[in-house]
Amino acid sequence: DAGVIQSPRHEVTEMGQEVTLRCKPISGHDYLFWYRQTMMRGLELLIYFNNNVPIDDSGMPEDRFSAKMPNASFSTLKIQPSEPRDSAVYFCASSLSETQYFGPGTRLLVL
Amino acid sequence: GEDVEQSLFLSVREGDSSVINCTYTDSSSTYLYWYKQEPGAGLQLLTYIFSNMDMKQDQRLTVLLNKKDKHLSLRIADTQTGDSAIYFCAESKEQAGTALIFGKGTTLSVSS
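Here the protein sequences line up with chains A and B, keeping their order. Take 1 as the starting number for the first sequence in this note's numbering and just add one per residue. Take 1001 as the starting number for the second sequence in this note's numbering and just add one per residue.
Note that these hints are calculated values from the structure, not bench results. Computed from a prediction, not measured in an experiment: that's the story for all the values here. Hints should not be assumed to be uniformly reliable.
Examples of chain A residues toward chain B, derived with CB under 8 Å [said to hold, decoys possible]: (1) Y31; (2) G42; (3) Y48; (4) P104.
Simulated pairs of lysine to aspartate or glutamate, DMTMM-like, Cα-Cα distance not exceeding 20 Å [to be verified]: (5) K78/A x D57/A; (6) K1093/B x E14/A; (7) K1036/B x E44/A; (8) K1093/B x E11/A; (9) K1067/B x E98/A; (10) K1093/B x D30/A; (11) K1056/B x D56/A; (12) K1068/B x E1014/B; (13) K1067/B x D1003/B; (14) K1093/B x D57/A.
Ideal Cβ placement from N, Cα and C applies to all residues, glycine included.
Use the sequences and the hints to build the structure in full.
So, in structure tokens, the structure goes:
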């Protein structure tokens, strides 16, 4: 299996632009998670899905953030409009049981 | 509340054992995990332990859980330079597979 796939791996954008991060979970996994990692706050859970349905989005920082999972093999995290404080590494993870497997992350820089 | 605490830095010499410690506050945690993150990479699951266990060993890795003190440790035997990374402790208090609460990570530096 290829593992969790994320794209792009790096994204540099200007403040105010829309950013879309993509994730393909491991085939057969029914949970998908989006995390954000920063030096100041460490790893934070943003939102997670079970069978494509959002279960808990209490970690989503603002209305500028939205996430979708249109099918079992694809999810997006969108930031619109982006701000410099959104600069971070965004990880997607998937699981079937008690173990979560992480993707390589998307390193986002908002100028 | 939910909180996972780790020391920030550990330095050892190649061949020595490393012990990375973690404390957590939620006694209802079901699973406790150790992840490894190398520079510029994602998180790699190293090992995990169910809360009704005291110890788990996997090759060079030994996990000890003291549920009474809410203390988790990861021992790496015969530490190698390739073990240099950030190690994250995490807990899950809901049903298996759901939200993880991470510590800030311990940076392990191994010198030859």
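Of the hints given before, which are not true for this structure? 6, 8, 11 and 12
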